[in-house]
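Here is what each chain is made of, one letter per residue.
There are 2 protein chains.
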Amino acid sequence: MTIVLCIDESYKGFMSEKKKIYKPSPVSGFPEWLPEVRIVEQQWLDHIRRVFESYGFCSIETPAVEELNVIGAKGEDVDKEIYVIERLHKDENDTKEARLALHFDQTVPFARYVAQHFNDLVFPFKRYQMQKVWRGERPQAGRMREFYQCDIDVINPDNLPIAFDAEMPAIIWEVLSSLPGMEGESIQIRVSNRKILLGLLDILKISDPVSVTRIIDKIDKIGSDEVMRLLENECGLPNETVQLILELAKIKATPQNFHGLLRDFIARNDVIARSDSDAAIQSFEEGITELQAVLDNLSHLPEGAVVADLSIVRGLDYYTGTVYETVFTEDPTYGSICSGGRYDDLAGSYINKHLPGVGISIGFSRLFDRLRVQGKLPVSRKCPTDVLIIPPREEADLPQMKQIETTLRGRGFNVEIAHGKKMNKQMAYAEKKGIPYVWFPEDGQVKNMSSGEQTSVDPASWSK
Amino acid sequence: MTIVLCIDESYKGFMSEKKKIYKPSPVSGFPEWLPEVRIVEQQWLDHIRRVFESYGFCSIETPAVEELNVIGAKGEDVDKEIYVIERLHKDENDTKEARLALHFDQTVPFARYVAQHFNDLVFPFKRYQMQKVWRGERPQAGRMREFYQCDIDVINPDNLPIAFDAEMPAIIWEVLSSLPGMEGESIQIRVSNRKILLGLLDILKISDPVSVTRIIDKIDKIGSDEVMRLLENECGLPNETVQLILELAKIKATPQNFHGLLRDFIARNDVIARSDSDAAIQSFEEGITELQAVLDNLSHLPEGAVVADLSIVRGLDYYTGTVYETVFTEDPTYGSICSGGRYDDLAGSYINKHLPGVGISIGFSRLFDRLRVQGKLPVSRKCPTDVLIIPPREEADLPQMKQIETTLRGRGFNVEIAHGKKMNKQMAYAEKKGIPYVWFPEDGQVKNMSSGEQTSVDPASWSK
Chain D
1 MTIVLCIDES
11 YKGFMSEKKK
21 IYKPSPVSGF
31 PEWLPEVRIV
41 EQQWLDHIRR
51 VFESYGFCSI
61 ETPAVEELNV
71 IGAKGEDVDK
81 EIYVIERLHK
91 DENDTKEARL
101 ALHFDQTVPF
111 ARYVAQHFND
121 LVFPFKRYQM
131 QKVWRGERPQ
141 AGRMREFYQC
151 DIDVINPDNL
161 PIAFDAEMPA
171 IIWEVLSSLP
181 GMEGESIQIR
191 VSNRKILLGL
201 LDILKISDPV
211 SVTRIIDKID
221 KIGSDEVMRL
231 LENECGLPNE
241 TVQLILELAK
251 IKATPQNFHG
261 LLRDFIARND
271 VIARSDSDAA
281 IQSFEEGITE
291 LQAVLDNLSH
301 LPEGAVVADL
311 SIVRGLDYYT
321 GTVYETVFTE
331 DPTYGSICSG
341 GRYDDLAGSY
351 INKHLPGVGI
361 SIGFSRLFDR
371 LRVQGKLPVS
381 RKCPTDVLII
391 PPREEADLPQ
401 MKQIETTLRG
411 RGFNVEIAHG
421 KKMNKQMAYA
431 EKKGIPYVWF
441 PEDGQVKNMS
451 SGEQTSVDPA
461 SWSK
Chain V
465 MTIVLCIDES
475 YKGFMSEKKK
485 IYKPSPVSGF
495 PEWLPEVRIV
505 EQQWLDHIRR
515 VFESYGFCSI
525 ETPAVEELNV
535 IGAKGEDVDK
545 EIYVIERLHK
555 DENDTKEARL
565 ALHFDQTVPF
575 ARYVAQHFND
585 LVFPFKRYQM
595 QKVWRGERPQ
605 AGRMREFYQC
615 DIDVINPDNL
625 PIAFDAEMPA
635 IIWEVLSSLP
645 GMEGESIQIR
655 VSNRKILLGL
665 LDILKISDPV
675 SVTRIIDKID
685 KIGSDEVMRL
695 LENECGLPNE
705 TVQLILELAK
715 IKATPQNFHG
725 LLRDFIARND
735 VIARSDSDAA
745 IQSFEEGITE
755 LQAVLDNLSH
765 LPEGAVVADL
775 SIVRGLDYYT
785 GTVYETVFTE
795 DPTYGSICSG
805 GRYDDLAGSY
815 INKHLPGVGI
825 SIGFSRLFDR
835 LRVQGKLPVS
845 RKCPTDVLII
855 PPREEADLPQ
865 MKQIETTLRG
875 RGFNVEIAHG
885 KKMNKQMAYA
895 EKKGIPYVWF
905 PEDGQVKNMS
915 SGEQTSVDPA
925 SWSK
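Heads up: the protein sequence lines correspond to chains D and V, in order. Each residue of the first sequence is one higher than the last, beginning at 1 in this note's numbering. Each residue of the second sequence is one higher than the last, beginning at 465 in this note's numbering.
It is worth saying that the hints were derived from the structure and are not from the lab. Watch out, some of these pointers could steer you wrong.
[Stated by the list, open to error] In silico DSBU-like pairs for lysine-lysine, Cα to Cα no more than 30 Å straight-line:
1) D:K353 / V:K885
2) V:K487 / D:K20
3) V:K817 / D:K23
4) V:K714 / D:K353
5) V:K911 / V:K889
6) V:K487 / D:K90
7) D:K20 / V:K885
8) V:K484 / D:K96
9) V:K554 / D:K353
10) D:K425 / V:K817
11) D:K353 / V:K560
12) V:K554 / D:K96
In this text, all values refer to a predicted model and were calculated from it rather than measured experimentally.
Kindly produce the complete structure, drawing on both the sequences and the hints.
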């Protein structure tokens with residue numbers, strides 16, 4: 001059967017006008033994948049979801065947009081990247097409504113969600129969220145404006161046990177170490193507790209700890225000599241103080257030797273014992289105790305999977321205790337692919353409750369795209385089909401084939417029927433799409449496309 | 465362990481300023497669900513995806529945005545609903561780039577995708593797409609501005625066999641009839657072929673077929689008397705012509721009696737045989753042959769699942785042959801929950817190829833929300849957890865419990881460890897979240913929360 005043009009007059013405009021072609025080109029920063037890559041992306045998303053759920057996290061999904069008033073609460077730095085939306089043909093009614101903006105992360109929407117649905121949630125509330133987020137970055141190679149993030153957070157009114165902080169790296173390790181294509185990658189989760197470094201800065205009576213932590217945050221990128229120079233020149237700190245801060249920031253410990261290294265550090269530097277600030281000492285000691293508790297719960301992970309790294313401060317984020325970063329062990333300058341930490345009060349801007357929490361976020365698209373570009377993803381087939389059924393001739397006895405099709409599909413196989421004239425075209429189709437088996441209903445035979453072997457089979461009992 | 469406020473000076477602003485509370489409220493048209501509803505939404509999405517893949521459709525995902533030039537090609541009607549995006553703090557560089565808009569359906573992005581990646585795709589290209597789309601509707605109860613659509617389409621250069629048209633209703637029937645919560649619903653897929661009605665209008669030499677089909681499209685809503693009145697008064701058609709058109713439009717046939725009903729109709733009305741327009745006759749006859757081919761392949765579905773309904777024309781959409789609508793049999797006025805059809809040339813605006821295709825789209829959110837509002841969704845648990853492990857006291861011997869946790873998780877169970885002080889609080893947590901089993905590692909016992917039964921168990925062999 002051939003299809004001819006519909007002669008409907010109403011489509012004259014559409015059908016018979018000389019075609020105007022608007023050739024589309026990719027929009028910078030908004031990637032999309034061919035089906036064979038998308039299959040792997042789905043495997044990744046499925047895997048991450050499965051691990052998150054296996055630890056009892058429930059899914060939530062928030063709208064792509066928030067009110068600008070909600071989303072803009074985070075400050076000038078992020079403002080610049082916010083995309084607002086409005087109707088193409090807006091009118092005076094539009095101005096009566098709140099302005100809407102695309103979310104740039106999942107933390108702000110989560111905080112708003114918890115505040116809004118507070119009375120309907122059960123605490124501790126453990127949720128995961130795997131959605132796209134948008135940032136209005138300048139177009140630039142490798143810079144994404146739309147990307148997936150995969151977040152888990154636990155939140156509880158007033159008090160959240162430190163044991164939740166300890167669970168996060170174990171979950172992330174399980175996710176990252178078993179993603180398809182990540183088998184050959186060596187990654188490391190680096191954990192610290194902001195209270196330690198900030199406690200020390202307070203003990204040292206440093207007046208501008210923000211500048212100091214901002215500089216220390218760059219240690220992986222600029223090296224410790226440059227950090228030292230900046231701390232002396234920009235913060236005006238005496239060399240002795242800088243040495244002490246760097247001695248702490250350079251501590252990298254295993255779960256087993258962390259305790260000893262910290263005790264040695266304290267013993268070597270009696271400025272700590274001599275401090276007259278109880279609050280500073282308390283913060284410093286508390287940070288050590290908390291970090292030790294986190295590390296203790298991670299001793300079952302392989303050697304090198306988790307280290308205490310006291311240079312980790314997570315820049316200007318709002319973390320108040322535990323902080324996490326995750327790097328490729330052989331390429332830490334690529335930056336963190338999974339970060340997070342403990343916050344004292346997540347949803348305080350939206351509800352009059354004290355809601356501490358801890359969370360971690362996988363930079364899904366950044367990680368996925370790195371492996372894609374490096375050719376490390378297990379990309380193979382272009383479709384999910386297991387079996388292509390090829391009728392002896394076009395339109396041949398479809399109801400009879402339906403029996404085979406239904407039986408196979410009922411047994412869990414993905415099945416297509418080939419529609420079209422030529423057998424050789426159908427075989428080429430199966431080959432190009434990577435369909436592993438072709439079924440010939442007339443002969444009752446199936447062909448294994450990779451071995452070429454052809455055998456007589458029964459759809460009720462056949463297996464791959 | 466208690467967590468105290470971090471005393472970091474840098475967070476003074478954040479921590480100690482008097483809280484400004486911005487109480488968030490829901491944004492009209494952008495729904496979000498509590499975890500217990502979201503679980504069912506995920507079950508639906510998983511189910512639909514599974515069925516689509518079982519027929520060999522591959523997944524693609526396109527960005528949330530398209531260039532306005534691409535998306536705006538569809539005409540004034542849709543224009544009004546388009547959301548454009550722009551950076552909150554745009555500057556002169558922004559104007560150099562193409563304007564971006566959120567997609568309002570998945571057909572336009574699909575057409576653009578096929579044109580853009582034409583050389584990398586294998587044809588016939590069968591894809592499914594399950595994403596959110598956005599429409600800038602006026603805020604109004606039940607009117608959504610963000611919603612999920614679940615689309616399948618098959619596209620092929622130059623020629624696409626009618627057998628693909630016949631597969632669509634079978635897939636949709638399988639999806640809709642087995643969605644969790646849809647068991648009690650009676651639905652009906654209504655199929656027609658535009659060539660039949662348009663062929664007849666051409667035979668009748670009707671000068672403005674668009675107006676006629678637009679009126680007939682409303683027959684379910686306004687009734688056939690009103691349709692008759694409008695055809696006479698607005699289109700100025702003689703009563704005899706209107707009677708003939710309505711006689712055709714009112715034909716509702718089973719796959720079995722369609723052929724007979726059409727032959728009778730032709731026999732009764734010799735205006736058809738007397739027509740001097742070969743093109744009109746060809747369209748009319750071709751439509752009948754194609755629709756018969758579609759129906760023949762659906763005879764295995766339950767009685768009433770699929771009917772030929774010649775009043776279906778799908779308004780002003782660009783369909784050229786087969787058209788589908790799906791309604792609740794007992795409430796057809798709710799409108800179509802799943803629609804689609806055959807188009808002659810999908811991506812013609814973007815590439816100089818002739819690309820016929822056929823597709824159908826499930827109005828996921830509209831369907832889901834109807835069942836949600838009617839209380840028909842199987843909403844039960846608030847989290848995916850199967851087992852909550854409750855330690856004898858807070859922070860007790862975590863490494864030992866880890867053995868149980870790891871064993872159970874390795875066997876496919878979703879497991880949480882309770883962190884916190886009080887046993888009764890943990891039990892209340894399990895109950896509120898609907899966690900079915902609670903594990904006491906000290907006693908080696910597990911409690912079935914619904915029966916209250918408590919038994920001694922081994923994590924390596926325990927089953928629900």
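Verification of the hints:
| no. | hint | verdict |
| --- | --- | --- |
| 1 | D:K353 / V:K885 | 21 Å, holds |
| 2 | V:K487 / D:K20 | 50 Å, violated |
| 3 | V:K817 / D:K23 | 12 Å, holds |
| 4 | V:K714 / D:K353 | 62 Å, violated |
| 5 | V:K911 / V:K889 | 16 Å, holds |
| 6 | V:K487 / D:K90 | 27 Å, holds |
| 7 | D:K20 / V:K885 | 70 Å, violated |
| 8 | V:K484 / D:K96 | 23 Å, holds |
| 9 | V:K554 / D:K353 | 36 Å, violated |
| 10 | D:K425 / V:K817 | 20 Å, holds |
| 11 | D:K353 / V:K560 | 46 Å, violated |
| 12 | V:K554 / D:K96 | 23 Å, holds |
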